[in-house]
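2 protein chains.
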Amino acid sequence: MQIELLTIGDELLLGFTVDTNAAYLARALAAIGVEIVHRTTVGDDAEKIAAAVSEAIERTGAVITTGGLGPTADDRTRPVIATLFGRELVLDESIVAQIEARFWRMTSAKMPQTNIVQAMVPAGARVLENHHGTAPGLWIEDAQGRWVAMLPGVPREMRGLTQDSILPILRERIGAAPVAIVSRTIRTTGIGESALAERLGELGKSVDGMPLAFLPGWAGVDLRLTSRTLPPDEATRALDSAERMLRDVAGPVVYGTESDDLTELILDMCRERGLHIATAESCTGGLLGARLTAIPGSSDVYHGGVIAYDNSVKTKLLGVSDVTLREHGAVSEQAAREMAEGCAKSLGAQIGVGITGVAGPGGGTEEKPVGTVWIAVSGIGETRALGRVYVGDREEIRMRATQASLDQIRRGLASI
Amino acid sequence: MQIELLTIGDELLLGFTVDTNAAYLARALAAIGVEIVHRTTVGDDAEKIAAAVSEAIERTGAVITTGGLGPTADDRTRPVIATLFGRELVLDESIVAQIEARFWRMTSAKMPQTNIVQAMVPAGARVLENHHGTAPGLWIEDAQGRWVAMLPGVPREMRGLTQDSILPILRERIGAAPVAIVSRTIRTTGIGESALAERLGELGKSVDGMPLAFLPGWAGVDLRLTSRTLPPDEATRALDSAERMLRDVAGPVVYGTESDDLTELILDMCRERGLHIATAESCTGGLLGARLTAIPGSSDVYHGGVIAYDNSVKTKLLGVSDVTLREHGAVSEQAAREMAEGCAKSLGAQIGVGITGVAGPGGGTEEKPVGTVWIAVSGIGETRALGRVYVGDREEIRMRATQASLDQIRRGLASI
Numbered sequence: 001m002q003i004e005l006l007t008i009g010d011e012l013l014l015g016f017t018v019d020t021n022a023a024y025l026a027r028a029l030a031a032i033g034v035e036i037v038h039r040t041t042v043g044d045d046a047e048k049i050a051a052a053v054s055e056a057i058e059r060t061g062a063v064i065t066t067g068g069l070g071p072t073a074d075d076r077t078r079p080v081i082a083t084l085f086g087r088e089l090v091l092d093e094s095i096v097a098q099i100e101a102r103f104w105r106m107t108s109a110k111m112p113q114t115n116i117v118q119a120m121v122p123a124g125a126r127v128l129e130n131h132h133g134t135a136p137g138l139w140i141e142d143a144q145g146r147w148v149a150m151l152p153g154v155p156r157e158m159r160g161l162t163q164d165s166i167l168p169i170l171r172e173r174i175g176a177a178p179v180a181i182v183s184r185t186i187r188t189t190g191i192g193e194s195a196l197a198e199r200l201g202e203l204g205k206s207v208d209g210m211p212l213a214f215l216p217g218w219a220g221v222d223l224r225l226t227s228r229t230l231p232p233d234e235a236t237r238a239l240d241s242a243e244r245m246l247r248d249v250a251g252p253v254v255y256g257t258e259s260d261d262l263t264e265l266i267l268d269m270c271r272e273r274g275l276h277i278a279t280a281e282s283c284t285g286g287l288l289g290a291r292l293t294a295i296p297g298s299s300d301v302y303h304g305g306v307i308a309y310d311n312s313v314k315t316k317l318l319g320v321s322d323v324t325l326r327e328h329g330a331v332s333e334q335a336a337r338e339m340a341e342g343c344a345k346s347l348g349a350q351i352g353v354g355i356t357g358v359a360g361p362g363g364g365t366e367e368k369p370v371g372t373v374w375i376a377v378s379g380i381g382e383t384r385a386l387g388r389v390y391v392g393d394r395e396e397i398r399m400r401a402t403q404a405s406l407d408q409i410r411r412g413l414a415s416i
Numbered sequence: 001m002q003i004e005l006l007t008i009g010d011e012l013l014l015g016f017t018v019d020t021n022a023a024y025l026a027r028a029l030a031a032i033g034v035e036i037v038h039r040t041t042v043g044d045d046a047e048k049i050a051a052a053v054s055e056a057i058e059r060t061g062a063v064i065t066t067g068g069l070g071p072t073a074d075d076r077t078r079p080v081i082a083t084l085f086g087r088e089l090v091l092d093e094s095i096v097a098q099i100e101a102r103f104w105r106m107t108s109a110k111m112p113q114t115n116i117v118q119a120m121v122p123a124g125a126r127v128l129e130n131h132h133g134t135a136p137g138l139w140i141e142d143a144q145g146r147w148v149a150m151l152p153g154v155p156r157e158m159r160g161l162t163q164d165s166i167l168p169i170l171r172e173r174i175g176a177a178p179v180a181i182v183s184r185t186i187r188t189t190g191i192g193e194s195a196l197a198e199r200l201g202e203l204g205k206s207v208d209g210m211p212l213a214f215l216p217g218w219a220g221v222d223l224r225l226t227s228r229t230l231p232p233d234e235a236t237r238a239l240d241s242a243e244r245m246l247r248d249v250a251g252p253v254v255y256g257t258e259s260d261d262l263t264e265l266i267l268d269m270c271r272e273r274g275l276h277i278a279t280a281e282s283c284t285g286g287l288l289g290a291r292l293t294a295i296p297g298s299s300d301v302y303h304g305g306v307i308a309y310d311n312s313v314k315t316k317l318l319g320v321s322d323v324t325l326r327e328h329g330a331v332s333e334q335a336a337r338e339m340a341e342g343c344a345k346s347l348g349a350q351i352g353v354g355i356t357g358v359a360g361p362g363g364g365t366e367e368k369p370v371g372t373v374w375i376a377v378s379g380i381g382e383t384r385a386l387g388r389v390y391v392g393d394r395e396e397i398r399m400r401a402t403q404a405s406l407d408q409i410r411r412g413l414a415s416i
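For the record, the sequence lines run as chains A and B.
Numbers 1 to 416, taken from the working numbering, label the letters of the first sequence in order.
Numbers 1 to 416, taken from the working numbering, label the letters of the second sequence in order.
Where hints are given, some of them may not hold.
It does not matter which identical chain is used: a pair holds within one copy or between any two.
Listed below are the simulated SDA-like cross-link pairs for lysine to any residue, each with C-alpha atoms no more than 25 Å apart in a straight line [unchecked claim]:
# : residue 1 : residue 2
1 : K345      : G319
2 : K316      : K345
3 : K345      : D268
4 : K316      : A294
5 : K205      : T114
6 : K345      : T315
7 : K48       : G145
By construction, these hints were calculated from the structure, which means they are not laboratory data.
Predicted model, so just to flag it, every value in this text is computed and none were measured.
The shape of chain A in the complex, shown without the other chains (with noise of 0.2 Å):
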C-alpha cells in the first residue's frame, strides 16, 4: 500500500522545528508494509494546504496530514479538508466533554471557548480519540475510497494516535501478507568499521539477498538488514536466520540488537552476581556515572564515584601515586590500573573502573595525541587496561571512553 504524508505548519518550513514525525511515521508505516512514496510541507495556509491535499488525494488517493488541529486561527486543516471533500463542520458533543474533562483533570480548570473548534467535526468523518491531547485525529474519505486522516503535529500525539488508530485501520484495510519493509540492528562495540567488514567478508554485503548497512558511532559499528521483499512475518524469520549468521561470523563484539544500550546490559550482569561498580573519571568527567545512573534502579549497583579532573585529587582521594603521575603521567595505563583500584577500595566496590585521557581539543603532545584514552577495569580477576587513540571531537572521544570501559567490564564477566 502506497500513501502521502502532508505536514502542515509554518515552524517546519522555517526550520524552527526538525520534522521528526516523519521518520517515526514512515518507520511505522513501513513495519506494516505500508510505503510513504511522497511527503510534502506546508505553512498554515488554506489555499497552500488545499492545493497540496488536492494533488496528493489525485497521485494516491491516501494521505495522512499532521498539524493544523490546534484551537487558535492558524490551524486551518479541519475546515480546509472539509471543504475539499465537500462537508460541512458539525459539532460533535462528546469530543467536547472529553476537552472539558481532560482540562479539568490536568489544569483544574474550565475549558477556554477557543477550544471548542477542536470538537467541530466534516460531518461523516470518523474520530480517532487522542489520549495524550486536546485534538482528536480525523478520518475523511470519500465513496470512491480515497481518503485523508488528520493528526495533530505534537509529537508525542501524533504517534499516540498511530498507534491507537491508524496502524490498526490500516492493518485491516491492507489484509493478509504484504510486502513489509523492515529492519534490524545488530550493535557492535570496540572494532572499527573496516576491521568488522574484513571479518564479516560477503556476509558484509547482504545476508540471504538483504542488503547490510554499516552505520558507525560513538556506540560502536551498528549493523542495519533490510527486508524488503517479504511479507511481516516471513521477514521476521529471514532477519532472525540472518542475525544468527552474523552474531556467529562477528563473535563478542557483538552486544545487542536495536535499541539495547550497554550501561543496562552491564547493570543486570552484574546484579545478577551480586557486584558493584564505583568509577574513577579523568577526561570523561562524571559522563560515566552519568550514564550509568541515568537508568533507573543503578543504585542497587553503582556505589559512585570520584571525578578526579585535578591531579590532586588524583592522589588524594583515589590514592594515585605522586610517582606514579611523575614518571607516567596522570594519562597513562598505571594511572588508569591506580585509579580503578583506588575507586574501588575507598568506595567499597568489587569492580573498579578509571579513565583517564586527552580530550582535546588543546592538551595534546606527539607522544599523547588528543585522543590517547587509558582505561582500566578491577575486580574480575586481574586488573585489565586498555590503550586507545580515538579520532572525533572532545564529546565524541569522551562517550567512546566511556563505551569502551563498559564493554571492558562486559567482557571481563562474559570470561569469567
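Based on the hints, put chain B in the right spot on chain A.
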C-alpha cells in the same frame, strides 16, 4: 523571494534518516529574506523526481534539491533534471581533475571509475564547487529565469555549498533591502513559563509588533522573538531594542541569548575571580561534572567531584553525618548543605555544590515525591540551599537539577 525545496532519497521516506537539511536550509535562507513556501520529499525514483521538479518549476520557478548526486545507480537527480531542461549531460574535465585530486588527498588512492558520473554536467549549467566532498553542486536555469539548484544530501557538503554558493547567488539576485525573517532567542532559567508570562505582561505577546514565543525546556524558558517585516539591518536593530526591553522587565532570570550555555558562563565567571569548583552529586550521578568538563579548558576552574550515589559514599568521602541521614534523610536540605561543604573541603575548592534528590520513576514518597531535589552551594557568602519539585522524566529532572545548581552559582557570584 519564495522558493521550494525538494529533498530526494529513499532513506528520508523510509524514516532511516531525519531530514535535518530542510531545517538548516530554511533558517539560512530566511535570514537573507528567502522563504521556503513548499517542501517535497520523494525517493530515488526518476519518474517521481521528474514530477516533483516539474510541479515546483510550475508553481514557483525557484527550486533547491538535495540528494541524489552520488556516484551510484540510485542517484538520479542529475540526468532527470537535465532531461527536464532539455540539456545533454557533458563531461567536465575540470571536475574530474578535482575529484581525482580529492581522492588522492583523502585516501592516497585513485578515483574509482564509478565517480566519473559526478563530473557529468547538464550543458550550460553552472558548477558550484564542493569543498567538502566529491559531488559538485549544479545550478541550471531556463530562458524564463526559472532555476533549479542541485545540492548533495550529505549535511556537511550541503551546508558548505549553501554558505559558499547558494546564499551569495541568492543575495545578489534579491538585491538590496529585501524583507528578512530573523529570530532572536533570549534565554531564562529559574522561572516557570506562566510566572515569566505574568512578569512580562503585554510584552509577553509581542514586542514592537514582533511576536514572542515561549519555549520551555530543561534549561529554562527560552523567549523567541521573530522579525518578519523588516530588511536585515533594520530587523537586527529592532531585535536589539526588543531584547533590551525584555531584559529590563524579566530581570536576573535572563542568562544569555541564542545558544549561550550556562556552563560556559559559570566557568568564565569563576575564572575571572580565580575561584575553583568541586561537586558532590547524588541523583544527578555525575551529570553536573560531565556538563562542566564538556567545555574545553574547564580544568582550570573545575577540580572534580564525588558521585555519592550510595549513602556510604556520602558519609565516608564527603563527611555527611549519620545523624543527618538518619533524621533528615539523604534527600534533604541538611544533606545537600553537608555535601556541598564536604566536597569543597575534601577537594580543595572554594565553591562546593551538593545535589541530592529523587529522580524517579521509583523512590518517591508522599513527603518527598519524584522530582524532589535539594541543591546547596557553599563558598559564595553563606551556604545557600534551594528545594524544588521538578516535573518531567528522570532525564529531565536530572538536567533541571544541574541547571539550577549552575544558576545558583551564577546568582551567587553576581550578587557579590
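For each hint given before, does the structure comply? Return the numbers of the non-compliant ones in rising order. Result: no hint breaks.
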